[in-house]
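So the protein sequences, as listed, match chains A and B. The numbering of the first sequence is my numbering, which starts it at 372 and goes up by one. The numbering of the second sequence is my numbering, which starts it at 372 and goes up by one.
Among the clues, some could well be false.
Identical copies go unnamed one by one, so any copy, or any two together, can satisfy a pair.
Derived BS3-like pairs: lysine-lysine, alpha-carbon spacing no greater than 30 Å straight-line [claimed, not checked]: (1) Lys425 - Lys461; (2) Lys395 - Lys381; (3) Lys381 - Lys497; (4) Lys538 - Lys395; (5) Lys473 - Lys495; (6) Lys399 - Lys497; (7) Lys495 - Lys533; (8) Lys399 - Lys538; (9) Lys399 - Lys473; (10) Lys399 - Lys533; (11) Lys381 - Lys473; (12) Lys395 - Lys461; (13) Lys381 - Lys538; (14) Lys451 - Lys533; (15) Lys438 - Lys533; (16) Lys461 - Lys399; (17) Lys381 - Lys461; (18) Lys495 - Lys381; (19) Lys538 - Lys495; (20) Lys473 - Lys425; (21) Lys395 - Lys533; (22) Lys425 - Lys538; (23) Lys399 - Lys495; (24) Lys381 - Lys533; (25) Lys468 - Lys497; (26) Lys381 - Lys438; (27) Lys425 - Lys533.
Please keep in mind that the hints were generated in silico from the structure rather than gathered at the bench.
Number of protein chains: 2
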Amino acid sequence: MAEYIESLQKLAEKFARLEGVGRKSAMKMAFSVLDMSVEEAGEFAAAILDAKEKIHLCPICQNITDKDVCPICADLNRDKTTVCVVSDPKVVISMEKVREYKGVYHVLHGVISPMNGVTPDKLKIKELLERIGDGEIEEVIVATNPTVEGEATAMYLARLLKPLGLKVTRLAYGVPMGSDLEYADEITLFRAIEGRTDV
Amino acid sequence: MAEYIESLQKLAEKFARLEGVGRKSAMKMAFSVLDMSVEEAGEFAAAILDAKEKIHLCPICQNITDKDVCPICADLNRDKTTVCVVSDPKVVISMEKVREYKGVYHVLHGVISPMNGVTPDKLKIKELLERIGDGEIEEVIVATNPTVEGEATAMYLARLLKPLGLKVTRLAYGVPMGSDLEYADEITLFRAIEGRTDV
Numbered sequence: 372m373a374e375y376i377e378s379l380q381k382l383a384e385k386f387a388r389l390e391g392v393g394r395k396s397a398m399k400m401a402f403s404v405l406d407m408s409v410e411e412a413g414e415f416a417a418a419i420l421d422a423k424e425k426i427h428l429c430p431i432c433q434n435i436t437d438k439d440v441c442p443i444c445a446d447l448n449r450d451k452t453t454v455c456v457v458s459d460p461k462v463v464i465s466m467e468k469v470r471e472y473k474g475v476y477h478v479l480h481g482v483i484s485p486m487n488g489v490t491p492d493k494l495k496i497k498e499l500l501e502r503i504g505d506g507e508i509e510e511v512i513v514a515t516n517p518t519v520e521g522e523a524t525a526m527y528l529a530r531l532l533k534p535l536g537l538k539v540t541r542l543a544y545g546v547p548m549g550s551d552l553e554y555a556d557e558i559t560l561f562r563a564i565e566g567r568t569d570v
Numbered sequence: 372m373a374e375y376i377e378s379l380q381k382l383a384e385k386f387a388r389l390e391g392v393g394r395k396s397a398m399k400m401a402f403s404v405l406d407m408s409v410e411e412a413g414e415f416a417a418a419i420l421d422a423k424e425k426i427h428l429c430p431i432c433q434n435i436t437d438k439d440v441c442p443i444c445a446d447l448n449r450d451k452t453t454v455c456v457v458s459d460p461k462v463v464i465s466m467e468k469v470r471e472y473k474g475v476y477h478v479l480h481g482v483i484s485p486m487n488g489v490t491p492d493k494l495k496i497k498e499l500l501e502r503i504g505d506g507e508i509e510e511v512i513v514a515t516n517p518t519v520e521g522e523a524t525a526m527y528l529a530r531l532l533k534p535l536g537l538k539v540t541r542l543a544y545g546v547p548m549g550s551d552l553e554y555a556d557e558i559t560l561f562r563a564i565e566g567r568t569d570v
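Looking at chain A on its own, in the form it has when it is part of the complex:
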């Protein structure tokens, strides 16, 4: 009985702490580890320690990296005058998949959320201001999520950065491509009408 196997139970608990993993899947994963060879399990454990040890924040954009400076900041072909501000390293991955954006990023590591104790000083805003202080940046694209907290963060940044003479923009709102208007929510539709463009 798995309930009696302490080390299996413990391992399942570790898996259950990962994002998006429930109790049942965690137990399945723990069983998968038992099916691995000793070598494979060793490599798995090493990969955890290795990732934790090697990955840190890029001193420029605060994105995660295992290099001294992240490849995007180090890339001489990227436009250093445009900075896209995102909440999370995962958003950088999504943006990079588009292969359209040629500027650089700044990762806040969260959004302003007083309810959850996330005040502006908890985010990497100080670091953004330092970058701006260097004088190279001309435009800041605020790409926080279109949620209440994301919007509040965008407003906060706009108010902070505009007086510094920077161009502050945000992503366009509207109906997502390939979606069915019948099922679009009112707020999205309202934003799409508000932001309508000439054809």
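Take the given structure of chain A and dock chain B to it, following the hints.
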């Protein structure tokens, strides 16, 4: 960009090898590890090695355990004359949750599946025969899955064990409790009609 972070990518690949984990969830999990403290990540890695090291098969029933003999086989209150044969340690957990079965188990670690190269000698059938050789066992309940391969395994075991003078039984087939007959598949319904009982 996560694609450039080798140690993150490697860790995600390890997660993706677990049962039921896709590429996207694996990356989410890898990110979760980055959010852990160094201490937590260390404990996670240790839990993997620990489970792998401590868990082995019970020499009697072949179920997984971290004890010399598993708690079920070691329990003097369990009826050692009845053995429930299952394909997998996970089935033992499900059966134990019912709290009705008082016999012991035997875990085959698979079902006969010539297509996948699983012949009877790859399963723990030899070990079952050895247990039967000790003379204590009177009934064998074959509780393999109601699938083609599970059925084939059950038939194989029945043909093997009946000549030894053992009572060989299998789980009842029928409509699952709480289900809607409208959506029951024909085979299940057929089995339910075939196995109908007096009220």
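Evaluated hints:
1. Lys425 - Lys461: For Lys425 and Lys461, only the intra-copy Cα distance (18 Å) is at most 30 Å; the inter-copy one is 37 Å.
2. Lys395 - Lys381: Both: 14 Å inside a copy, 25 Å across copies.
3. Lys381 - Lys497: Classified as neither; 40 Å inside a copy, 32 Å across copies.
4. Lys538 - Lys395: Result: close neither inside a copy nor across copies, 49 Å intra and 35 Å inter.
5. Lys473 - Lys495: within (22 Å within a copy, 60 Å between copies)
6. Lys399 - Lys497: between (43 Å within a copy, 27 Å between copies)
7. Lys495 - Lys533: within (18 Å within a copy, 72 Å between copies)
8. Lys399 - Lys538: Close neither inside one copy (50 Å) nor across copies (33 Å); limit 30 Å.
9. Lys399 - Lys473: between (42 Å within a copy, 26 Å between copies)
10. Lys399 - Lys533: For Lys399 and Lys533, the Cα distance exceeds 30 Å both inside one copy (51 Å) and across copies (35 Å).
11. Lys381 - Lys473: Between copies, since 27 Å is at most 30 Å while 45 Å is not.
12. Lys395 - Lys461: Intra 26 Å, inter 11 Å, cutoff 30 Å: intra and inter.
13. Lys381 - Lys538: neither (52 Å within a copy, 39 Å between copies)
14. Lys451 - Lys533: This pair counts as within: shortest intra-copy Cα distance 18 Å, inter-copy 79 Å.
15. Lys438 - Lys533: neither (32 Å within a copy, 66 Å between copies)
16. Lys461 - Lys399: Answer is both; intra-copy 26 Å and inter-copy 9 Å each pass.
17. Lys381 - Lys461: The answer is both: 29 Å in one copy and 16 Å across copies each meet 30 Å.
18. Lys495 - Lys381: between (35 Å within a copy, 27 Å between copies)
19. Lys538 - Lys495: This pair counts as within: shortest intra-copy Cα distance 20 Å, inter-copy 71 Å.
20. Lys473 - Lys425: within (27 Å within a copy, 52 Å between copies)
21. Lys395 - Lys533: Classified as neither; 49 Å inside a copy, 37 Å across copies.
22. Lys425 - Lys538: For Lys425 and Lys538, neither the intra-copy (36 Å) nor the inter-copy (60 Å) Cα distance is at most 30 Å.
23. Lys399 - Lys495: Answer is between; shortest inter-copy Cα gap is 22 Å, intra-copy 37 Å.
24. Lys381 - Lys533: Intra 51 Å, inter 41 Å, cutoff 30 Å: neither.
25. Lys468 - Lys497: within (28 Å within a copy, 54 Å between copies)
26. Lys381 - Lys438: Between copies only: 15 Å across chains, 33 Å inside a chain, cut-off 30 Å.
27. Lys425 - Lys533: This pair counts as neither: shortest intra-copy Cα distance 37 Å, inter-copy 60 Å.
In summary, the numbered hints that this structure violates are 3, 4, 8, 10, 13, 15, 21, 22, 24, 27.
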